[in-house]
Amino acid sequence: MTGSRSRGPIAPYLFLLPAVTLFTLFMALPIGYTAYLSLRRTKVSGLGLGKGSRKEVFVGLDNYAAAVGDAELWAGWLRVLGYGTLVLAVMLGLALVFALMLDAARVRLGRFTRVAIFLPYAVPGVVASLMWGFLYLPSLSPFHQIFGVDLLSPAAVVYSMANVAVWGGTGFNMLVLYTNLRAVPQDLYQAARIDGASELQIALRIKIPILAPAIILTTVFSVIATVQVFTEPSTLRPLSNTISSTWSPLMKVYRDAFVTGDLYSAAATAMVIAVISLVLSFGFLRVVRNRAFGEAEA
Amino acid sequence: MRMTRLAVAALATALVAGCSSSGSGSGTTSAPQSAGQPSQAGKVTLTFWNWVPGMDKVVAAWNAAHPDIQVTSSTQAGGDDAATKFLTAAKAGNPPDLMQAEYQALPSFVAAEAVADIKAAADPVKQEFGEGIWGLVTLGTDAVYGIPQDSGPMLLYYRSDLFDKYGIAVPKTWDEYAEAARTVHRKDPKVLLGTFSSKDPGSFAGLAQQAGGQWWSISGEAWKVGVDDQPTTKLADYWGGLVKEGVIGTTPYFTPEWNKALNDGKLLTWPSAIWAPGPLASNAPKSKGKWSVAPLPQWNAGENVSGFWGGSAVAVAAASKHQEAAAKFAAWLNTDAEALKLLVKEGAIYPAATKGAALLTEPPAFFANVPDFWKQAATYGAGARGFTFGPNVNVAYNAFKDAFDKAAADKTSFSDALRKVQDATVADMTKAGFRLVQ
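Sequence lines, in order, name chains U and E. Using this note's numbering, read the first sequence as starting at 83 and increasing by one per residue. Using this note's numbering, read the second sequence as starting at 25 and increasing by one per residue.
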């Protein structure tokens, strides 16, 4: 039949159509519009009151120059770097330890513990930040009453925010690692035990190397999430006067777009952030790829 | 292959067309929709963004009397968030027809060409308002950008019971206020006379007005920015000094910490506006009946000067298809005796219209212990003076929060923080292209 021959090449495109449509509508067009906005700016003449005193003009890369040259943005990156290192190390460390412990040969209340560790992940970030925020407030905080520390003081606030992220994120990462561990054939462990390996040695020498790809995956996800940190500082900000409106790069984008009404600078900064998080994620992947996936590729 | 490419091209064209038509269509007033003309289709529907409690009841009264102009009230978060939302909606081409606009936000609405000049509908009701208030909706131009709704002259609220307990007199000047702060702190280190809120630039602006500051002014065809002028610098250093001494707190207003301090009697005063009974009743219910009012402390003994904190007008969106009907409603809402009565009763606002004062007889329930609350408030607030707000109050206020947050947390110089606000404000205006004079 000639019909089936001519329909052949079209069918794949028909199958692609929904995905391409959605991608175009909700990814490509917004990104394109952001890129377009980032090259423009409103120009005011005179007092700026009255009709026609404000028009949109093309300014080339001016907004990018301003975004890259803004010391506050880089200070924000530094803060996020410190915060991110803390969150990544503690969260992924805890997730790994919990996953290994739950996977150990003898474990009681395994299912309950798993759910208990995972549960905070189901709490929305805003709710978690508010809940912790109230626990941090000096006049309401049990920690303050017992230990006498102000958890929202300039020195402590980074740790307080990291704590919210660790509390919320550990469960998810633990589950990813744990699921990977369960997929490992038990023969490996039996062979190791016959060779006289202790549980600790099994964990260090067998389980962790096997987990390497999963650890990398969770790290990449966490790096991206950390670069985009917004919810915790924004929610805690009204409660204290130690978090500025440009604490993290993404908060600066929000400030520019919706507080000071400068969509154009916000668009340029957003593009810069996107590039930096791409570089960070791919850079990390590149560095670790040979170690983790080297054998698979060879 | 060719077919698919065509399909993609067609889809892309449709998308672009869809976007652009929705973008510009609602932005123009000459859209060919006959339903827009009240004379032809008969019925006009308007949306009204506001955050006045009980506004739906006031609107219902209008709707009952005006079947051809039906208004829908939509409750907003209020304050800065609502202003941002309105500007964003106006930019996107689909703002509400009517918007409650705080006086300091109105210039940024005008500069963004988001609100309409409603001079024709506004002129007949002009005599209902004082000159100072009217200036806030004309911005000193020939146009009228809104109908004033309420105003917020500032007063000093204090805990009369605790003033007796600590043996302090009501401070008449800021010097006496500082002295009282020291006394209170000496008698009980856990109790403070008041706090400085780095989150409320509006409150600071009101105090700056009282001190004689002029943050923005128009000189010829150029703006002059004076956020760090001499009176405001004096004001900043006054509060900065008290914060550094530790006799004034730094807990921002309207936070859970502040509520708790008020409720527990750990805060004795609040220099606030005439609308304070509302927030006090909801944030510090336990202190009901223990508060009194006094004039704001003065910089020079014997004067009666105050400033404004808050207050808003009702503006008509430039993109509204029914500007005339919307302006008519705005004028009715803020000058009609029946509407004002409802606004006072349901919304607990302090009307901007001069005849509104006569409607306020019963004291707010929270101030039942002060029977002549409104009379006192009106006397103390009579000396309130405002200043011109510039086109980028949002930028200045945001810079204020960041700079003073830091200064209050680190107990560093407040006048340095003020200079940062001035610099940020000037930098933003320069970047946008406004003409400025030194």
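Certain hints may be false.
EDC-like cross-link-like pairs, simulated, lysine to aspartate or glutamate; straight-line CA separation at most 16 Å [stated by the list, open to error]:
(1) E/K369 to E/E137
(2) U/K125 to E/E137
(3) U/K133 to E/D141
(4) E/K115 to U/D152
(5) E/K455 to U/D144
(6) E/K379 to E/E155
(7) E/K290 to E/D188
(8) E/K81 to E/D360
(9) E/K430 to E/D288
(10) E/K444 to E/D199
(11) E/K310 to E/E386
(12) E/K455 to U/D152
(13) U/K133 to E/E137
(14) E/K312 to E/D185
(15) E/K143 to E/E362
(16) E/K268 to E/E348
(17) U/K137 to E/E370
(18) E/K455 to U/E281
(19) E/K290 to E/D185
(20) E/K189 to E/D80
(21) E/K444 to U/E154
(22) E/K81 to E/D288
(23) E/K365 to E/E386
(24) E/K352 to E/D141
(25) E/K314 to E/D141
(26) U/K133 to E/D360
(27) E/K196 to E/D212
(28) E/K314 to E/D185
(29) U/K125 to U/D144
(30) E/K268 to E/D80
(31) E/K430 to U/D144
(32) U/K133 to E/D80
(33) E/K150 to E/D360
In short, the hints are calculated from the structure, not lab data.
Against the structure, the hints:
1. For the hint linking E/K369 to E/E137, the alpha-carbon distance of about 34 Å lies beyond 16 Å, and the restraint is violated.
2. Restraint check for U/K125 and E/E137: satisfied, since their Cα atoms lie roughly 13 Å apart, inside the 16 Å limit.
3. The hinted pair formed by U/K133 and E/D141 meets the criterion: a straight-line CA distance of about 10 Å does not exceed 16 Å.
4. A threshold of 16 Å between alpha carbons decides the hint, and for E/K115 with U/D152 the separation of about 26 Å lies outside it, so the pair is violated.
5. Restraint check for E/K455 and U/D144: satisfied, since their Cα atoms lie roughly 11 Å apart, inside the 16 Å limit.
6. Under the criterion of a C-alpha separation no larger than 16 Å, the hint pairing E/K379 with E/E155 is consistent with the structure, at around 14 Å.
7. Taking the CA atoms of E/K290 and E/D188, the gap is near 14 Å; set against the 16 Å cutoff, the hint holds.
8. This hinted pair checks out: E/K81 and E/D360 have alpha carbons roughly 15 Å apart, not beyond 16 Å.
9. This hinted pair does not check out: E/K430 and E/D288 have alpha carbons roughly 27 Å apart, beyond 16 Å.
10. Distance restraint check for E/K444 and E/D199: the Cα-Cα separation of roughly 26 Å exceeds the 16 Å cut-off, and the hinted pair is therefore not satisfied.
11. Taking the CA atoms of E/K310 and E/E386, the gap is about 21 Å. The hint is violated against a cut of 16 Å.
12. Of the pairs offered as hints, the one joining E/K455 and U/D152 holds, with about 14 Å between alpha carbons and a cut-off of 16 Å not exceeded.
13. Restraint check: the Cα-Cα separation between U/K133 and E/E137 comes to about 7 Å, which is no more than 16 Å; the hinted pair holds.
14. Between the alpha carbons of E/K312 and E/D185 the distance comes to roughly 11 Å, so the proposed pair stays at or under 16 Å and holds.
15. Simply put, E/K143 and E/E362 have alpha-carbon atoms about 23 Å apart, too far for the 16 Å limit, and the pair is violated.
16. For the hint pairing E/K268 with E/E348, the CA-to-CA distance comes to about 54 Å; that exceeds 16 Å, so the pair is violated.
17. At most 16 Å may separate the alpha-carbon atoms for a hinted pair to count; U/K137 and E/E370 exceed this at roughly 42 Å.
18. A threshold of 16 Å between alpha carbons decides the hint, and for E/K455 with U/E281 the separation of about 65 Å lies outside it, so the pair is violated.
19. With a CA separation close to 12 Å, the supplied pair E/K290 and E/D185 stays within the 16 Å bound.
20. Among the hinted pairs, E/K189 with E/D80 is inconsistent with the structure: their alpha-carbon atoms are about 44 Å apart, more than 16 Å.
21. With a CA separation close to 13 Å, the supplied pair E/K444 and U/E154 stays within the 16 Å bound.
22. As the CA atoms of E/K81 and E/D288 are separated by approximately 35 Å, the hinted pair breaks the 16 Å bound.
23. At roughly 12 Å between alpha-carbon atoms, E/K365 and E/E386 fall within 16 Å of each other, so this suggested pair holds.
24. The suggested pairing of E/K352 with E/D141 holds, with an alpha-carbon distance near 13 Å, which does not exceed 16 Å.
25. Among the hinted pairs, E/K314 with E/D141 is inconsistent with the structure: their alpha-carbon atoms are about 45 Å apart, more than 16 Å.
26. Under the criterion of a C-alpha separation no larger than 16 Å, the hint pairing U/K133 with E/D360 is inconsistent with the structure, at around 31 Å.
27. Taking the CA atoms of E/K196 and E/D212, the gap is about 22 Å. The hint is violated against a cut of 16 Å.
28. The hinted pair formed by E/K314 and E/D185 meets the criterion: a straight-line CA distance of about 6 Å does not exceed 16 Å.
29. As the CA atoms of U/K125 and U/D144 are separated by approximately 13 Å, the hinted pair is consistent with the 16 Å bound.
30. Taken as a hint, the E/K268 and E/D80 pair is broken in the structure, with Cα atoms around 46 Å apart against an allowance of 16 Å.
31. For the given pair, E/K430 sits about 30 Å from U/D144 by alpha-carbon distance, which is inconsistent with the 16 Å threshold.
32. Of the supplied pair hints, the one linking U/K133 and E/D80 is violated, its CA atoms being roughly 33 Å apart against a limit of 16 Å.
33. Restraint check for E/K150 and E/D360: satisfied, since their Cα atoms lie roughly 13 Å apart, inside the 16 Å limit.
In this structure, the hints that do not hold are numbers 1, 4, 9, 10, 11, 15, 16, 17, 18, 20, 22, 25, 26, 27, 30, 31 and 32, in rising order.
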